[in-house]
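Protein chains in written order, with numbering that gives the first Met the number 0: chain R, 0 to 267; chain H, 0 to 327.
Possibly wrong hints are sitting among the right ones.
To be verified - Partial list, derived from the structure: chain H residues whose beta carbon lies under 10 Å from chain R:
id, residue
1, SER84
2, PHE115
3, LEU132
None of these hints come from the bench; they were simulated from the model. Beta carbons are placed, not taken as given, at the ideal position from N, Cα and C, and that holds for glycine.
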Amino acid sequence: MRRLHWAASLFMGLCAVAILMPIVVVSAAALNGGRSMVFPPQDSTFDRFVEFFVSEPVWTNALGNSVLISFSSAALAVLIAWPVAYWLWRVNDPLSKLLAGLAAMPFALPPIVFGVGLGFLWAFGGALGTIWAGILSHAALFAALPLVTISIGLQSIDRAHLDAAATMGATEGVTFRTIVLPQTLPYTASGFFFALVLSFNEFIVMFFVSSSSYATVTLQIFNSLRNGFTPTMAVAAITFITVSVVAFSLVARFGDLPRLMGADTSRT
Amino acid sequence: MSVEATDPALAATGTQEAPARRVNRSLAGRIVFCAVVAMLCLLPFVMVLVISFGEKIEGAGWVFGFDLTNYRRFFVGADWPNSTSFLYLQKLGWSLNYAVIASVLAVVTAFPFTYFLTRLSRRAQTFWLVFLLSSLSLSEVFIVMGWDILLSARSGLPMVMQETGLTDWLKDVGFFPTLRDWGLASPRNVKFKTSVLATVLTMSYLVWPYAVILLYPALSRLDPALIEAARTMGARPWTVIRTVVIPSVKLALVGSVLLLFVFLLGTYVAVTVFAAPAQQTLAVSIYESVRGSTLNAPFGAAQSVILLVTAVVLLAIGQKLSTAGGRA
Numbered sequence: 000m001r002r003l004h005w006a007a008s009l010f011m012g013l014c015a016v017a018i019l020m021p022i023v024v025v026s027a028a029a030l031n032g033g034r035s036m037v038f039p040p041q042d043s044t045f046d047r048f049v050e051f052f053v054s055e056p057v058w059t060n061a062l063g064n065s066v067l068i069s070f071s072s073a074a075l076a077v078l079i080a081w082p083v084a085y086w087l088w089r090v091n092d093p094l095s096k097l098l099a100g101l102a103a104m105p106f107a108l109p110p111i112v113f114g115v116g117l118g119f120l121w122a123f124g125g126a127l128g129t130i131w132a133g134i135l136s137h138a139a140l141f142a143a144l145p146l147v148t149i150s151i152g153l154q155s156i157d158r159a160h161l162d163a164a165a166t167m168g169a170t171e172g173v174t175f176r177t178i179v180l181p182q183t184l185p186y187t188a189s190g191f192f193f194a195l196v197l198s199f200n201e202f203i204v205m206f207f208v209s210s211s212s213y214a215t216v217t218l219q220i221f222n223s224l225r226n227g228f229t230p231t232m233a234v235a236a237i238t239f240i241t242v243s244v245v246a247f248s249l250v251a252r253f254g255d256l257p258r259l260m261g262a263d264t265s266r267t
Numbered sequence: 000m001s002v003e004a005t006d007p008a009l010a011a012t013g014t015q016e017a018p019a020r021r022v023n024r025s026l027a028g029r030i031v032f033c034a035v036v037a038m039l040c041l042l043p044f045v046m047v048l049v050i051s052f053g054e055k056i057e058g059a060g061w062v063f064g065f066d067l068t069n070y071r072r073f074f075v076g077a078d079w080p081n082s083t084s085f086l087y088l089q090k091l092g093w094s095l096n097y098a099v100i101a102s103v104l105a106v107v108t109a110f111p112f113t114y115f116l117t118r119l120s121r122r123a124q125t126f127w128l129v130f131l132l133s134s135l136s137l138s139e140v141f142i143v144m145g146w147d148i149l150l151s152a153r154s155g156l157p158m159v160m161q162e163t164g165l166t167d168w169l170k171d172v173g174f175f176p177t178l179r180d181w182g183l184a185s186p187r188n189v190k191f192k193t194s195v196l197a198t199v200l201t202m203s204y205l206v207w208p209y210a211v212i213l214l215y216p217a218l219s220r221l222d223p224a225l226i227e228a229a230r231t232m233g234a235r236p237w238t239v240i241r242t243v244v245i246p247s248v249k250l251a252l253v254g255s256v257l258l259l260f261v262f263l264l265g266t267y268v269a270v271t272v273f274a275a276p277a278q279q280t281l282a283v284s285i286y287e288s289v290r291g292s293t294l295n296a297p298f299g300a301a302q303s304v305i306l307l308v309t310a311v312v313l314l315a316i317g318q319k320l321s322t323a324g325g326r327a
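Work out the full structure, taking the sequences as your base and the hints as a guide.
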């Protein structure tokens, strides 16, 4: 592998600095002792961390809601995506293509429109402002992600394995359990983590669906915007970044991240 | 082989059932599943469309109906034909304006980055991808918060410029009035809140990792032999990029701009915080109609439909371009 030109490395470094800049500033602001957010932080303390995770019910409730919604909706998104992806891979008829298109639509269009629509939908169903409506909404919004990763996984299955299974008389169910499911497990997990992290961070759809009856962390932060930023919010930011890094590191550890992102696998 | 041990049992239970009933059950299951997906993914959009033709009732919400009042209000103002107002078209204009500049800026700067990224080792690529995905998934509220601190007059860039004497230097060379004309300075110091520049920068930052992720497949599938060949024939690096790399990923570039553009049409937090009140977008106006001060759900729905149509038209153009390019 040829080394990059120094100017290229410099450019990549500058991009990394630009990306890190707001993140670093927010993280450093979490150490502020006072109520206001200044950079560099004044009389540094970890009190804000205690506030966010333990003592302040506003934040602990919001964090609980965020965790509940993101885990349930990511699991549900995988459950929606699996049959669609499998159907598409197995049959590939117009109906399955239509279904896949439908499942991908909310993610491809401006989320604010989907949020407004879901708000109307749940208002009609009398479920506006319930947590499970929020879970279903996020599952629908992010089903596109596991759909994509699982489809990539299904395409990577060696046809020879399937042929061998068929020759030995395995039914579709047996083949599914012994070949398809194990080989696509890393891709399913990746899809789950993508949906989880994005749901954790999502704001606008949850804003319309929650109807102010409960708050997730991102909603709570937005609600507190008009009072100005406080260091406790920065603790939330640090938490969220940590969750993202851990989740994507897991994906990278157990799955093939460059391949998931569409790199050519024949080259290394 | 635990597989063989468990399977005959399961196969036996399967055969006990009448085949016809099994087919029926799986068919019913499929229909229910399709209905659930359609309800969650399609129905919200349908409802927005239907309600956009509805009517607001003073103090009591709204009713279904079929009139085009909301659309008329959008295009020519509520008081038409007595007077015309293009207020909402202007808002759409700002939406398009911010989204175009921010998405082009993101793709133009992400392109060289992604090109270099794909030249790195697999291990280094994975590291960078984890970094990018983490920043990509970071919520809009946090990003706006970070830029708000960076650009705020008290502790951000304006303060740094004041302290280092850059502001005074700008005043000395006479560039300061120009900045004020651009809305980037108050009488005493430079300011970025509220300005178009801050809005566009934050929006561009928001989608920059997306731009890398979108360009990544095309650039990593680029055949290195092609570049090598051009190099051995004596082409300089810049010539190689101009004549080999860019033409072969042209469609990915255009496609990325379009996708990011559609994504940015709905940006809400960045615009409310960084854009001046007169320069706010349709997304903000939708929010105000549906949940905010004005409370007119049918009109909010009509504005959503306009935004949706804009997005769909652009996505369709992108699709058309990519299939046309695939055939060529």
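**Message:** Hint compliance check: list the failing hint numbers for this structure, sorted ascending.
**Reply:** 1
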